[in-house]
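Protein chains in written order, with this note's numbering: chain E, 1 to 413; chain H, 1 to 161.
Some, not all, of what chain E presents toward chain H, calculated at C-beta under 10 Å:
(1) SER11
(2) LEU12
(3) LYS32
(4) ILE176
(5) SER178
Some chain H residues close to chain E (C-beta under 7 Å, calculated; not the full set):
(6) GLU14
(7) ALA22
(8) GLN38
(9) SER39
(10) GLY40
(11) THR41
By construction, these hints were calculated from the structure, which means they are not laboratory data.
Keep in mind it's a predicted model, so treat the numbers as computed, not measured.
Ideal Cβ placement from N, Cα and C applies to all residues, glycine included.
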Amino acid sequence: MGYRVWYSTESLADYIIDNTNLSEEANIEKKKMYESDANNANNFHSLPDHIKKILYLDAPDLIVEKDLEPIFSIEISTEAGTGHNVFQRFARLAASVENNVPAFYIYPDAVIIHRENSTRWDKINPLIFKALDKAMDIYQIPALLYYFPTDLNDYIDNPEASPNINTKGLKFDANILSYAGCPDSNSNEMNSMFYAMNAILNEINTYGFIDGRNRTIRCHEIVSRIELMETLYHARVGTRVWSPLSSIIQVPTSKIINYLSNFHDSTYHIGDLLNSRDETIIYCVDAKFRGDPYPGALAAIDYLKSRQGKSFEERYYNLVLAWGKVEETDTGLLIKSNKTNQSVNTFCNKVATSEARSNILNKPFSELNNHEISRYYMQVRYGSMFSKVKEIRVYSYFADAILFYDGALWRDG
Amino acid sequence: MMVLYGEMDSMTEEQITKKILAWLMDNDWQILSYDFPQSGTGKYLHPNKGIRNIETKNEKAFIPDIVAIRNTIAVFFENKNRFFLDDFIKLKNIRENNIYSDDIDKLLCKYKIVNIYYGIAGINSKHFIANADKHKSDVDFILVVDREISIIEDEYHVFLE
Numbered sequence: 001m002g003y004r005v006w007y008s009t010e011s012l013a014d015y016i017i018d019n020t021n022l023s024e025e026a027n028i029e030k031k032k033m034y035e036s037d038a039n040n041a042n043n044f045h046s047l048p049d050h051i052k053k054i055l056y057l058d059a060p061d062l063i064v065e066k067d068l069e070p071i072f073s074i075e076i077s078t079e080a081g082t083g084h085n086v087f088q089r090f091a092r093l094a095a096s097v098e099n100n101v102p103a104f105y106i107y108p109d110a111v112i113i114h115r116e117n118s119t120r121w122d123k124i125n126p127l128i129f130k131a132l133d134k135a136m137d138i139y140q141i142p143a144l145l146y147y148f149p150t151d152l153n154d155y156i157d158n159p160e161a162s163p164n165i166n167t168k169g170l171k172f173d174a175n176i177l178s179y180a181g182c183p184d185s186n187s188n189e190m191n192s193m194f195y196a197m198n199a200i201l202n203e204i205n206t207y208g209f210i211d212g213r214n215r216t217i218r219c220h221e222i223v224s225r226i227e228l229m230e231t232l233y234h235a236r237v238g239t240r241v242w243s244p245l246s247s248i249i250q251v252p253t254s255k256i257i258n259y260l261s262n263f264h265d266s267t268y269h270i271g272d273l274l275n276s277r278d279e280t281i282i283y284c285v286d287a288k289f290r291g292d293p294y295p296g297a298l299a300a301i302d303y304l305k306s307r308q309g310k311s312f313e314e315r316y317y318n319l320v321l322a323w324g325k326v327e328e329t330d331t332g333l334l335i336k337s338n339k340t341n342q343s344v345n346t347f348c349n350k351v352a353t354s355e356a357r358s359n360i361l362n363k364p365f366s367e368l369n370n371h372e373i374s375r376y377y378m379q380v381r382y383g384s385m386f387s388k389v390k391e392i393r394v395y396s397y398f399a400d401a402i403l404f405y406d407g408a409l410w411r412d413g
Numbered sequence: 001m002m003v004l005y006g007e008m009d010s011m012t013e014e015q016i017t018k019k020i021l022a023w024l025m026d027n028d029w030q031i032l033s034y035d036f037p038q039s040g041t042g043k044y045l046h047p048n049k050g051i052r053n054i055e056t057k058n059e060k061a062f063i064p065d066i067v068a069i070r071n072t073i074a075v076f077f078e079n080k081n082r083f084f085l086d087d088f089i090k091l092k093n094i095r096e097n098n099i100y101s102d103d104i105d106k107l108l109c110k111y112k113i114v115n116i117y118y119g120i121a122g123i124n125s126k127h128f129i130a131n132a133d134k135h136k137s138d139v140d141f142i143l144v145v146d147r148e149i150s151i152i153e154d155e156y157h158v159f160l161e
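Chain E extracted, bound-state conformation (with noise of 0.2 Å):
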């Protein structure tokens, strides 16, 4: 037993040992993470499975666990955060913390950005701060926000002479053959995660899994850092509504269900859940039926907006996901399509792809080739749970419905 740290890139697993107090320890063992079956079919079955609970929704860059015990992950990203950007990586936050780990999400404060007439930064969506807020008033469960250190303060007017514009003015550490990828570990924000970090690794030393986990919420160190991000999440928020909010209507459910019924026949009744909240979120998006951002984007209106507990059960509003044109009458909704692919047949036809490229419940047993055999066993157990592709695997856990122009998909319980 001991410390394992399960990486998505080796750089960033030395990087966290080396700059924590996973350094002294002598038990230490670094393996390679696999996201999903649906992307790797012949590894991902040998995780194992408290790991593939994390990962169900989408895979965060890296989890540390102690005697088979998750203690945080850490999901990091380069890119710039504008609109619904920042949330791409939402739902892997929202994996862990609901599994009770806490997350570190590490993202530039900005980006610089070459357009056709200039250069500028493009800044973070404070929202992001909000989401993240909501997420730990639900848990109790860290989830904080470093940034990746960028030449931002000192470049604010003049990005073009960034010293670091060859990388879009982020600063990575200078090592680069140790720790390829990763942020300046100099930098003020990182040794302030490095706290944080070992503030855990503390906590669950000295008062165990379940207790240190609870208590972590309550460390100085993690208190200050929420208390900053609150304090950035109101320096910046202003009046303005951000996206991904700037795409969501809130309707009567009754106009939800009176829309269903044109996918339903007159013998049918729609279950309890959708009829026991009476208004109703719609995450709108006027886009072909695809993946990233959205799945993010939608994990993190649920805790923006419909949320109230720990399960999808316990929403004050019914989350909707609506592609095309969504409006709303008198009595229902209309949703025009004037795009390829936002039938509900994309949606089934991707489910189908899926089913048919990574199920291999059909086989019978003289056919299943030597590693197939445990993915088998782990498909007999959880089907294909962790076999789709991410958007539908998010979809399908965050909305109650999902509305397209020609057809729609919902919960009855």
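Position chain H against the provided structure of chain E, taking the given hints into account.
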């Protein structure tokens, strides 16, 4: 088109890239950019205007695994832990059609670069070497990695001291 041949060695693409980076730095090359899966560090080079698909901004973007310079020479690497025919074809097309020249010029404009060379780094296995040999005319150099770096193709003597 995606053609994979033979075994997947236990060495990852990340490890190959880091070994090549260390070797280049030891040999006085300056690293301008590097990338490996999930590193988030890559430099996106977009096709020249006119052939760019503006609907999807990263359509056909080329993210070299390593760009390094020494004196008047720049080298662009694609690295893999298996034989990957697509990489050879991609570099051949870039060499012949020059479709990323605007962004490459922008990346290299601060340096006095006279020649640019494109090549592959892979694992040191019989399988990789045999298959790479069949496609060596598509690229300017081929390196293989295990504990050491070996040069198996370098028509223009790019890596001579």
